[in-house]
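K.L.:
Each chain, written out:
Number of protein chains: 2
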Amino acid sequence: MEFFEAVQKRRSVRKYSDKPVPEQVMNKALDAALLAPNSSNAQTWQFHWVRTPALKKKMVDACLGQGAAATAQELLVVSIKPNLWKKTTQEILNSKQPEGLEKQMQQYYGKLIPFMYGMQILAPLKWIIFNGMGLFKATPRKPWSLRDRTETCVKSAALGCENFMLAIAAQGFDTCPMEGFDESRVKSILNLGWGDTVVMVISVGERVDRGVWGPRHRGPRDWFVFEV
Amino acid sequence: MEFFEAVQKRRSVRKYSDKPVPEQVMNKALDAALLAPNSSNAQTWQFHWVRTPALKKKMVDACLGQGAAATAQELLVVSIKPNLWKKTTQEILNSKQPEGLEKQMQQYYGKLIPFMYGMQILAPLKWIIFNGMGLFKATPRKPWSLRDRTETCVKSAALGCENFMLAIAAQGFDTCPMEGFDESRVKSILNLGWGDTVVMVISVGERVDRGVWGPRHRGPRDWFVFEV
Numbered sequence: 303m304e305f306f307e308a309v310q311k312r313r314s315v316r317k318y319s320d321k322p323v324p325e326q327v328m329n330k331a332l333d334a335a336l337l338a339p340n341s342s343n344a345q346t347w348q349f350h351w352v353r354t355p356a357l358k359k360k361m362v363d364a365c366l367g368q369g370a371a372a373t374a375q376e377l378l379v380v381s382i383k384p385n386l387w388k389k390t391t392q393e394i395l396n397s398k399q400p401e402g403l404e405k406q407m408q409q410y411y412g413k414l415i416p417f418m419y420g421m422q423i424l425a426p427l428k429w430i431i432f433n434g435m436g437l438f439k440a441t442p443r444k445p446w447s448l449r450d451r452t453e454t455c456v457k458s459a460a461l462g463c464e465n466f467m468l469a470i471a472a473q474g475f476d477t478c479p480m481e482g483f484d485e486s487r488v489k490s491i492l493n494l495g496w497g498d499t500v501v502m503v504i505s506v507g508e509r510v511d512r513g514v515w516g517p518r519h520r521g522p523r524d525w526f527v528f529e530v
Numbered sequence: 303m304e305f306f307e308a309v310q311k312r313r314s315v316r317k318y319s320d321k322p323v324p325e326q327v328m329n330k331a332l333d334a335a336l337l338a339p340n341s342s343n344a345q346t347w348q349f350h351w352v353r354t355p356a357l358k359k360k361m362v363d364a365c366l367g368q369g370a371a372a373t374a375q376e377l378l379v380v381s382i383k384p385n386l387w388k389k390t391t392q393e394i395l396n397s398k399q400p401e402g403l404e405k406q407m408q409q410y411y412g413k414l415i416p417f418m419y420g421m422q423i424l425a426p427l428k429w430i431i432f433n434g435m436g437l438f439k440a441t442p443r444k445p446w447s448l449r450d451r452t453e454t455c456v457k458s459a460a461l462g463c464e465n466f467m468l469a470i471a472a473q474g475f476d477t478c479p480m481e482g483f484d485e486s487r488v489k490s491i492l493n494l495g496w497g498d499t500v501v502m503v504i505s506v507g508e509r510v511d512r513g514v515w516g517p518r519h520r521g522p523r524d525w526f527v528f529e530v
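Just so you know, the sequences run in chain order A and B.
Quick note on our numbering: the first sequence kicks off at 303 and runs consecutively.
Quick note on our numbering: the second sequence kicks off at 303 and runs consecutively.
Any given hint might turn out to be false.
Which copy is meant is left open, because identical chains are indistinguishable; a pair holds if it fits in one copy or across any two.
[Claimed, not checked] Straight-line distance between alpha carbons at most 35 Å, and here's what the computed DSBU-like set of lysine-lysine pairs gives:
hint, residue 1, residue 2
1, K398, K413
2, K405, K388
3, K358, K321
4, K321, K444
5, K311, K383
These are computed hints drawn from the structure, not numbers from a lab.
Computed from a predicted model, the values in this text were never measured in an experiment.
Please build the complete structure, drawing on both the sequences and the hints.
P.N.:
This is how it looks when you write it as structure tokens:
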């Protein structure tokens with residue numbers, strides 16, 4: 303499907319038909335999700351495709367029983383595991399570097415990233431150093447703390463979510479991104495770690511008539527887009 | 303361009319040619335950004351297209367002078383303004399509601415959203431109420447605090463960013479999402495409010511040879527995708 307057609311087709315669907323979603327449709331969309339850009343290529347995202355009927359039932363409950371989950375053919379939970387940075391950046395360091403960038407990559411993944419993503423205990427010190435430097439010259443201000451790191455990882459995971467949803471639309475199926483869920487229960491159902499955050503639950507299926515609640519609604523463009 | 307082709311084509315480009323990006327290419331991508339799903343349709347995102355040469359120069363400096371900014375034809379700053387929820391949800395309440403959902407919409411936008419997005423001073427109380435309820439039944443845990451609200455808004459804005467970047471790719475141009483910038487300086491250049499957060503700076507142009515640093519690199523799929 304043409305890109306802009308997929309963007310137009312994608313709507314949040316609250317009620318699905320009983321048409322199954324082929325496995326290859328899900329896998330193709332998951333592969334597209336993994337191709338989204340992400341912060342420092344640290345790939346701290348995780349995509350949990352909930353297929354076991356018992357777990358799916360629990361997940362619908364954790365999504366407050368809403369129709370978008372209850373009638374879904376498939377459920378995908380997207381979460382972040384910030385500590386994955388250690389494994390992923392080590393893997394990058396161990397692999398062949400782009401020609402001419404070997405030193406730069408070593409510096410970035412061997413020194414800068416461990417200082418940003420790790421050493422959380424030094425967060426207040428990092429804050430002082432970088433905000434101090436920032437008085438004199440342009441200096442990145444994030445992510446130095448646990449909280450900033452979560453924000454950075456959530457942002458990257460969201461880029462992957464959008465790829466996933468558009469990829470499902472491009473293959474003729476529908477999605478609904480849900481944030482109305484009980485995060486504690488979702489984490490316990492999936493055995494996620496305490497440092498993990500659930501980004502969203504995405505349901506997948508084929509829309510029925512009135513599966514979409516109404517025409518698309520957006521405020522006036524000039525509330526959101528500025529030329530400066 | 304076909305959707306999956308756009309996903310494959312999109313790479314983070316660090317060096318652009320001097321080919322200008324037509325205005326309609328930018329506008330079409332901005333329109334696509336505004337069609338991304340977003341939390342409660344509160345549309346708390348803002349897209350600042352930096353066109354004035356003097357501001358652009360300052361922005362390149364705030365992006366630490368990196369090539370992806372310095373050689374860019376266009377720069378877009380994406381930020382969130384969480385307080386926009388008041389204006390956007392009022393506008394939704396004032397408009398025609400989908401048939402049969404009038405009461406539900408009134409409840410949601412008139413009561414639930416003001417309680418979630420507003421009344422920040424009650425955050426600790428809200429936390430106690432909802433985590434208390436959560437002991438007995440599935441209960442949404444976010445966004446009750448300022449911090450949660452920021453996370454929610456950043457997440458939605460990121461969905462819009464991905465639409466924008468893919469839309470640029472689908473029109474034959476390139477982008478680079480940057481998080482290595484001085485947020486304080488970016489906010490001051492654009493006169494953003496204290497409650498605003500800069501989500502990312504996206505540069506736009508046409509890639510030159512070696513504008514992309516190397517082949518795409520991702521860790522093994524089974525670190526990120528799980529069937530449960």
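K.L.:
Does each hint hold? Answer for all of them.
P.N.:
Verification of the hints:
1. K398 x K413: The answer is within: 18 Å in one copy meets 35 Å, while 55 Å across copies does not.
2. K405 x K388: Close inside one copy (19 Å), not across copies (49 Å); limit 35 Å.
3. K358 x K321: So K358 and K321 pass the 35 Å test inside one copy only (17 Å; across, 50 Å).
4. K321 x K444: between (45 Å within a copy, 32 Å between copies)
5. K311 x K383: both (31 Å within a copy, 27 Å between copies)
Checked against the numbered hints listed earlier, the structure breaks none of them; every hint is satisfied.
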